[in-house]
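Student: Based on the hints, put chain E in the right spot on chain Y.
In order, the protein sequences belong to chains Y and E. The numbering used here applies: residue 21 is where the first sequence begins, and numbers increase by one. The numbering used here applies: residue 2 is where the second sequence begins, and numbers increase by one.
Hints are computed from structural coordinates only; laboratory data are not their basis. Hints should not be assumed to be uniformly reliable.
[Claimed, not checked] DMTMM-like mimics (lysine to aspartate or glutamate), calculated; alpha carbons at most 20 Å apart, straight line:
no., chain 1, residue 1, chain 2, residue 2
1, Y, Lys88, Y, Glu75
2, Y, Lys89, Y, Glu21
3, Y, Lys123, E, Glu19
4, Y, Lys89, Y, Glu37
5, Y, Lys99, Y, Glu21
6, Y, Lys99, Y, Asp22
7, Y, Lys83, E, Glu102
8, Y, Lys77, E, Glu19
9, Y, Lys77, Y, Glu65
10, Y, Lys89, Y, Glu101
11, Y, Lys99, Y, Glu75
12, Y, Lys123, Y, Glu35
13, Y, Lys79, E, Glu102
14, E, Lys79, E, Glu102
15, Y, Lys62, Y, Glu90
16, E, Lys63, E, Glu102
17, Y, Lys99, Y, Asp59
18, Y, Lys62, E, Asp58
19, Y, Lys123, E, Asp87
20, Y, Lys83, Y, Glu35
21, Y, Lys83, Y, Asp102
22, Y, Lys77, Y, Asp102
23, Y, Lys123, E, Glu45
24, Y, Lys62, E, Glu19
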Amino acid sequence: EDQVTQSPEALRLQEGESSSLNCSYTVSGLRGLFWYRQDPGKGPEFLFTLYSAGEEKEKERLKATLTKKESFLHITAPKPEDSATYLCAVHPNQAGTALIFGKGTTLSVSS
Amino acid sequence: DARVTQTPRHKVTEMGQEVTMRCQPILGHNTVFWYRQTMMQGLELLAYFRNRAPLDDSGMPKDRFSAEMPDATLATLKIQPSEPRDSAVYFCASGLALFAEQYFGPGTRLTVT
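Looking at chain Y on its own, in the form it has when it is part of the complex (with noise of 0.2 Å):
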């Protein structure tokens, strides 16, 4: 079964501590990995899209990498205002399929 894990499920950091949020999955062939940003009240913003293997992509503080297994999404040196809700999502490579969503990690960053 095609399946999504995000870890952990919720990360506090002081501002300017770095660290990382970390997408596993199992699906049978991977067309892509999305994340996204959620804020309270708000739906799901896109961030990133990353296709293959070794793959990085960069926003800002924000760096998403991906392997054959799973995605690591990179803060360097958080701000309060990234405190967020962080959504990874992966399409199957299997046609007529949709995203399947992690249920995320909330990310708090105090000053």
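Tutor: Frame of chain Y, contents of chain E only:
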């Protein structure tokens, strides 16, 4: 700027009542998705459409939920009759293709008492 819109933003209703949620996808996006989000289950896919045709609605309770796209600018999700366990935030998302990034609306927070 282009964004997905959803109405209503909040809905409180009594058990047994019909609920209709509406979504306007981003112009030019041919793929539309309906999700439900709860604390316990996270984000669950209910149904999705491509070029207004339903591709999969296996995530929906068939006896009470229905999803349609009357035209390219409107998607609807109906619950009849509603039950307290349907209380959740319902999101609509659209994209250029089934495997492309999705753009989410602000959601409809449904409370069924």
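Student: Give me the numbers of the hints this structure contradicts, sorted from smallest to largest.
Tutor: Numbers 3, 4, 5, 6, 8, 10, 11, 12, 14, 15, 16, 18, 24, in rising order.
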